[in-house]
Structure formats: C-alpha cells, structure tokens
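Colleague: Note that the protein sequences, when read in sequence, are chains A and B. Numbered according to my numbering, the first sequence terminates at residue 689, and the numbering increases by one at each position without gaps. Numbered according to my numbering, the second sequence terminates at residue 689, and the numbering increases by one at each position without gaps.
I should point out that these hints are in silico values taken from the structure, not numbers from a laboratory. As the structure is a computational prediction, the values presented were derived from the model and not from experiment. Some hints here could point you the wrong way.
Claimed, not checked - Here are the computed distance ranges between Cβ atoms for each label pair:
1) B:Arg515 / A:Pro446: 45 to 51 Å
2) B:Arg515 / A:Arg439: 48 to 54 Å
3) A:Gly234 / B:Gly593: 55 to 61 Å
4) A:Met264 / B:Pro639: 37 to 43 Å
5) B:Arg475 / A:Asp511: 22 to 28 Å
6) B:Glu651 / A:Pro206: 57 to 63 Å
7) A:Pro206 / B:Arg263: 55 to 61 Å
8) A:Ser220 / B:Glu260: 23 to 29 Å
9) A:Pro206 / B:Asp406: 50 to 56 Å
10) B:Glu651 / A:Pro386: 47 to 53 Å
11) A:Asp406 / B:Lys635: 57 to 63 Å
12) B:Arg263 / A:Met204: 27 to 33 Å
13) B:Glu260 / A:Pro446: 24 to 30 Å
14) B:Glu651 / A:Arg232: 50 to 56 Å
Unchecked claim - Some chain A residues flagged as far from chain B (calculated, every beta-carbon gap over 12 Å):
15) Thr390
16) Asn424
17) Gly593
Each residue gets a CB set at the ideal place from its N, CA and C atoms; glycine is no exception.
Number of protein chains: 2
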Amino acid sequence: MKMLVNAAGRPVPSELPGIGPLLPYRGPWARLEAGDMVPRILPPLRGEPPRRSKVAPSLRAAMERAGLADGMTLSFHHHLRNGDAVLPLVLAECERMGLKNLCLAPSSLTDAHECVADYVRRGVVSRIHTSGVRGKVGKAISRGEVPVPVMVRSHGGRARAIEEGSIAIDVAFLAAPACDEQGNLTGALGPSACGSLGYAQHDARYARHVIAVTDNLMPSSLTHISIPQYLVNQIVVVDNLGDPGKIASGSARITRNPVDLKIARDAYRLLRASELLAPGVSFQVGAGGASLAVAAYVRDYMREKGIRGSWGCGGITGYMASMLEEGLFDALYDVQSFDAAVQDSLVRFRNHIEIDQSWYANPLNRGCVVHNLDVVVLAALDVDTSFNVNVLTGHDGVLRGASGGHCDTAAGAKLSVVVLPSFRGGVCSIKDAVRAVVTPGETVDAIVTERGICINPLRTDLREAARKAKLPVKEIADLKAEVEALTGKAEEAPLPDPKPENVVALIEYRDGTILDSLFRIS
Amino acid sequence: MKMLVNAAGRPVPSELPGIGPLLPYRGPWARLEAGDMVPRILPPLRGEPPRRSKVAPSLRAAMERAGLADGMTLSFHHHLRNGDAVLPLVLAECERMGLKNLCLAPSSLTDAHECVADYVRRGVVSRIHTSGVRGKVGKAISRGEVPVPVMVRSHGGRARAIEEGSIAIDVAFLAAPACDEQGNLTGALGPSACGSLGYAQHDARYARHVIAVTDNLMPSSLTHISIPQYLVNQIVVVDNLGDPGKIASGSARITRNPVDLKIARDAYRLLRASELLAPGVSFQVGAGGASLAVAAYVRDYMREKGIRGSWGCGGITGYMASMLEEGLFDALYDVQSFDAAVQDSLVRFRNHIEIDQSWYANPLNRGCVVHNLDVVVLAALDVDTSFNVNVLTGHDGVLRGASGGHCDTAAGAKLSVVVLPSFRGGVCSIKDAVRAVVTPGETVDAIVTERGICINPLRTDLREAARKAKLPVKEIADLKAEVEALTGKAEEAPLPDPKPENVVALIEYRDGTILDSLFRIS
C-alpha cells in the first residue's frame, strides 16, 4: 500500500483496505486504445412460479424477501432530484431491521439525502459509491467519517463499474412514477413524474434483485415503458415518492446575470469559430447559468442560418426539448431530465429518446453517445493552469459537487468548452493545481471566463481559429495573474499529508483508473 | 450415455457427444418452482478508440475483424421471413473464407434458408440451434446429416439458452432495415422493413461481436430505435437485405375455409364459456387459418359488449394491429411481426411495443409476458390422446415445422386452446402418441376440431363450463375413434431404435430440460 503519481501528476494509492488493488490513471484514451478486456458480471437467472403477484404487502416484506443482509450493496437513482423520499425511506427501514455496514450505490446523492450522514455515523452505512454529494454528507466524507473511502464516478464510469461488478448491486430500489402490476415502469407519467430513468435502467439490468417503489400503481398495462417487467422482482406501493414541488422543479430559464451572459456569448463565439455549428451538429450543454445560456445563442444562430443539428444529449432541460420541438435537432438522447418541462416531451415525441447510462457514456462499450459529440459546454467550480477541472470540492477542499457526465463528455466531444466566472467569492477560479481533478486537462479544449478565453496549447488549430475570429484569447497563466491582481492570492487551506491512510475518497476516471485522491480535512 | 424416460414419458439421452450432459424434462413448472439458479454469461467489455467509423469496407472485412474462425457460433434473426438474403450471404462468405464446422444459431430457419442443407454437406456448418426448419434442411436433419444433433428450442427457451451461454454467440449478424452511422438500428423503417426485431435485440445484448447488415444506412440519426448503438460493433452496407416481396408479405386475411371457420367458431365459444373474455383480457392468436379466425369472433364480441382488453402479444398480425388501433386493447407486445401491415402500426402507435425475446417468453427471468396471458389459441400439426402437441414433424416423421412460442404460451396462459382439423391428407390428427412432443399435454387445456372439442381431464372446471354452454365436448379417445372410422387407421412410418446414436435432434423444453428426441429416418 503506497502512493503512486499517475499520468495526471496526482498522488493515488496503489491499493486500499476494503477496496483492493487500484489502477492509476494512464491518460484519457490509454485503456481504450490498449483494447483492455473487462469481464462483465450478470446475476443468475432464477426460476419463480408463474402468476405470483409482484406486489409486496410492505416495503419491509419486500426487503426481507430480497434477502437484504449486513454489508450488501443497495442502489438508487436520483431522477427525483431534490424531492426523492425513497432513499431515506429505505434506509430508515434498514435501520429498523438492524442492518449494518451497508454499501450505498446511488447514481448520485442530492439535497434530499442529507440523512445519509446520520446513517454513516450510526453504522448503518459504511461504504458509498456516488457521482456527487452535498451538504452534510460531503462534510462527513471529507472528515473521514465513512469507514471505507468513497468512490466518486462519472455517469459513464458508473455504468462500466456496474457491468464489471465493481459495483455489485444486491438490491436496486427503483423509484417508479408509474408502474403496472407486471412491473413495467416509467418516469414519464404520474404525479411524481421525473422524465427519463436512464440511470435506473442500467441498475435494473445488473442488480441481483430489483424492487420498484411506486406511488402510482396503474390499473391497466403501461403503454410507455422505461424499464420492462422482466427486470423487476417486486413492487412496493407507497403514499408518495417524495416532494412533488422538488421533483418537478420548474423549467430552467436562461440567466440574466450579465457576467454569465458575457461568458456565454464568448463561448458561443468560440463555437462559431470552430466551425462545428454546421448542419448535423451534435450538442450538449449543462443546466447551469452560463452553459445553458450558450444554448440560447446557438439556437438563434441555428434558426437564422437554417441549421438542423443531429442530436442533443445528456441531462436534458426543457430548453433543449423546445429546440427539438422547433425542429433544430433530429433527436434528443435523454439520460436524465433536468426539469419538469421534459417529461411531456418524452411522452409526446418519439425522437425524444430515453437512453440508459451505458448508452450515454460508458467508455468501454461499443460506442456511447458522448463519443460522437461535436460540442459540449460545461460548468466548473475551478480549473488550473493545466486545464484540469474540479467540479467536486469547494475552496475549502470539502466535497460539495458531482462528477456527473463532465469527464465523459469532455473526453468524447470534438470541442469541450468549460465556462466559469474568473472569480467566485473573491477567490480566483484559476489555480496552480485544483484540489480535485475530475476532468483531466488533456480533454478540455478551452476555458471561457468573462475576462478572456484560454485555449489548451494542445489545440493549436482552435487557438488559430479563435485568434482569426478576434476572440479575447489569453494564456491561462496570464489570465490567472490578471484576476489575482484584483482578488489577491487566496490563502489555500493546507493540504493534508498525501498518505493512503488519509484518503477519504477516490475520483475514478471513467475507464476505471484512479485519477485523483481526496484527503481527510480536519 | 444412455436413454432415460422423462416426465412426459419420452425417451431422452442422458448426454450426447458434442453437447454434454442433458437434464430430462421434469414437468412444466418443476424447474421454476424449485427456484433453480442458472448462471448468466455476458461477453467482456472491450475498449476501442473513439470516433472510429463502424462502417466496414465489406462484409469480408467485417467478418475478419470480428475474428471469425472454425467452430464459432453465428446468430441470425428471421424477422425478414421468407425474404431473408443475409444468412445465405454470410454463409457464402464463410465458405469463401474456408471456414468449417460453424455452429448456426438463428432465431429460426425459413424457406429462404434452404442453402443451409448444402453448407452442412460441405462441412461449413456442423451444428444448428433453431426454433424451426423447412424443406431440404428438415430432411437433412432427419436423415442425420448434421454431425451434432440439432437443438430445437422455443422462443422463450432460446432467450434462456443465450443468457445462460448454452448458445454462446460469437458473432451476431443483424439484418437491419434501417441503421444510422452510430449503429442504432430498427426493423420498422426502410425498403426492407419487417417490423419488430425482438429476437435480434436479445442476440445483440449477449453476442461477443455484433455486425449490423443494412441496405439503408441513414444519413441522419435514427429516431425510432430497436437496438441501440452501444451493442453494435460494425456496420456492413449491402445492396438489399433480400426479396422485398417476401419480406413484406401481405396482410394476413381471415380464412374462408368452412372447416377452419367451424373450428374457430367453436374455439371462440369455448373462450366465452371460460368467462375469460372480460375487460382486461390478454390474448394471443397464431397467424394461421383457424387460429387467426378466432380473433375475428373475439373482435366482434368485444365490440358488441364494449370490452377493452389489456394487451395482445406474440407474433403480431395486421389483424391484431387493427384491433389495437380500434381501441380493443391497451397495448400490443410485439416480438415478431407476421405481416407487412404491422410496421406502420409500430411506428405510429406508442402502445404498439416492440419487446425482446426474453421479455416475451423466457421462463427463468423475473416475469415474461406470456406468464400473464389469459388466452392463447394455437395451431398444431397433430396431437395425441395425452394432449401432447406436435408442431415439428409431418406424418412421415420428417422435420418441417417450428417450435416458436407454442410451449411458452401454452404454459403461461390461463387458457390454452389448440385448434386443428380432425384429419389432414386423409390421416387422423389425433394420435396415440405424437412423434415429437413440443408442447406437453399438461399445459394444453383444450383441443378444438370441427368434429368436437376435447377438454384436458386436468381441467374439470373448464369441462363443466363447456358442458353448461352446450359445446360439443367429446372424450379425446372417442373423437379419435370417430375420425379413424372415416379415415381408417394410418400406417405409421416405423420408429427407429431409440438409441443415443440415432438421435438427430433434441426438443428442449423452455426451461432447458429435454422434452423429446427425434431419431434418424432412413
């Protein structure tokens, strides 16, 4: 057990207790180009007498029938956003059952999952795989309260980890906004509708046992199906899946913040300069302020020039859905719906296509959607002069973000643009080295701030095009100095000693190698 | 290596060279009720560099890249019906490559696949898994020309066999009526459209390597997707997938044959008597004369009484699609489209749902569609006084039929009705013992002929209901005697000695046990 320095120059352990040996990151494409074979693991088929009702008398009964026991791995999806009540409900029942040392493997943790910190403290949960964390859970992880270091994965990386058995799901709990008695289910219909169930689709296929939890057991057969009956073992009916106001969060609006708009406009100009905004363009933007605002500029341009794109993908906003309806894309590939406007579109339009997590971003399958992306525009918490991006930790080093599809899309897209304000809370957004590398600099083509655009030196073609278009291109070190002349040099929280025993979380790159380590913060 | 007598009273080998040990049939539900665990096998994930074009320069190049070698297993689907040119094209290329001893695992063999008999003779093919065979291929098998005994499986059994690795597909060739450059594909669009790709969906998920063969490479992204890109390794473009006239066979019409109509009417009366034709009924009929005609009676009844069913399933005919459009069902579950009328329905109606082979009928998954069936009406070649059904061999014992979903639906449905004329070609359709048991008598509730209805003695409730409804119920032995009084007793071809070395094909029951053996015919 020792620390190595990986191809991103980051200290990573060679192995960890409770996890085992670890592969260091070797570069964004090394494992794909080597043609590495990764075995896949499926749970066995198991005969059951026919015509048995799948509807369990209670959650407890379903959990007992699933054979839940200490140390097992439970998966959840986060499609209900900040309104999810299912994960807390299940963990409460686990505690009542006296279960200990469970491993949580949600697709991500949201504000609705603050209770996880308490279950960690009480020994119900001792291991976590996730894409993101917030608030109390992030603090608990950063303090080293989770006995086994937490694995942070991208959406594509999670798909791979589930297929290869690194996340071996014993029981998947699928919050199901609509479900019929055969177990067919969808997220697109019902009072707790949330749109796509892209993450849950994958869990259902690989979990040893699948329990659908629904507040909407349909009397007749479902005619819009996200997950087919033959993947579902049991159905549990509850009063509601959560807080409808927080599940069906309003449609994302374009920001009016002038800084964000300035960033978005310059990012859009860079997209233009790249000449990728052509017929057939494929496109992803985040739901955040500046990144979503880029879509508004792109939309105007596509309308004006009569350009029709091939597809948009990712977490889909109502804004992207309206671009589909307007005919600006042939199709949307929707792994996760960011706002309430999306579920109508999913039901109405055949070319609004629900895709699973592997289809979206698994780097080791036969071709995920993000590997065909032309353009992605992504947000960041901070970046560094090597173009590495951090979307996980705040200035204090505490976990408070999500890996999401960030490194997947950055790697896959022909042009990946990171947008962020040059400083936040009086602290410069460009560091010498970010505290958590989620997306390696080699896969980031440009960083756009309101004070200038930095082009990755690897992309001489793009730099040339941006200069020709008279964009405000700056060297990243120069921009950093310029911002720090305003903000002053921030005092960084001291870095803990980078020893294996201080590791509280690992950032796994999408291909299964270890990209970075997060250390205990006292 | 010895012969056993299984729970259906049939002689089956304990093992066979080239196949290994075999489990004898123990009853239709024994393996499900025992909760037998069956390991599943998935090929490994394998990294590939991104943005590599999937379009191969030629079929030959694709086959070489897939690493095709002697003895490998190749799968195909039969959704192109009697028009398929892809299987012959691939086998011709295999022969040019000098490949030997291949194992063929199509979902079934049709009239378009007569060439297989020649490839067997020339040593290119030495093993076959199939649901059905016709003409020359059936004769070649029955004569014992295939070196390893042929495995005949139902659709549900094939799904299970693929998942458990009994059929370990090295390369799946998917005839793709429409395909985009990412490898997304569908059967519902294009000049060679064939409707559902339910069998191919399953192959794509489990094959080690997947080659889509298309005559319709779409310039833009497909918006109706049957099989997602991430399951497809390569794309081969050919001039055409086959004979469009035979792919898009005309819409199945209701028979005018008076014998079939009489049978259909009595079958319908039995359905009425069973009281299953109620709101929410689920329903499957075959595409053949009398069985499809039952749907016409049912349709009139549902209209008259204002009954809306839950769903229809199976091989779907245009007739069933028109019942969906009329609102007589909530949904159709379509694993295979029987006629050209269906593909429009698949594209137009969201509740016409394409389902894969496992969803349809795999007995060991978490709930296939046929296990929720209320009523199925099935055809037969002949039956016996134990209600066993043969849909495989003619009076001469030669293979000329298909197992299809026969035993799957008979087992799953609350009421399974077999319809057939009391004699064909001057030979009584009721035997003392059929020569090939495909569907065990325990799962057949009634046999309807134009001369009377025989109810399985296990179903005393149904017998009572039929008598109350004044249906022409007869004991099966009596009906047999009555028919034989007209036709005379047929002279049966002599049965070969039931020794393991005389076995030319095995009929595997859907759960993986051996239901019957077919012996060499000289």
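Colleague: Failing hints, ascending?
Modeller: Violated: hints 1, 2, 4, 7, 8, 9, 11, 13 and 15.
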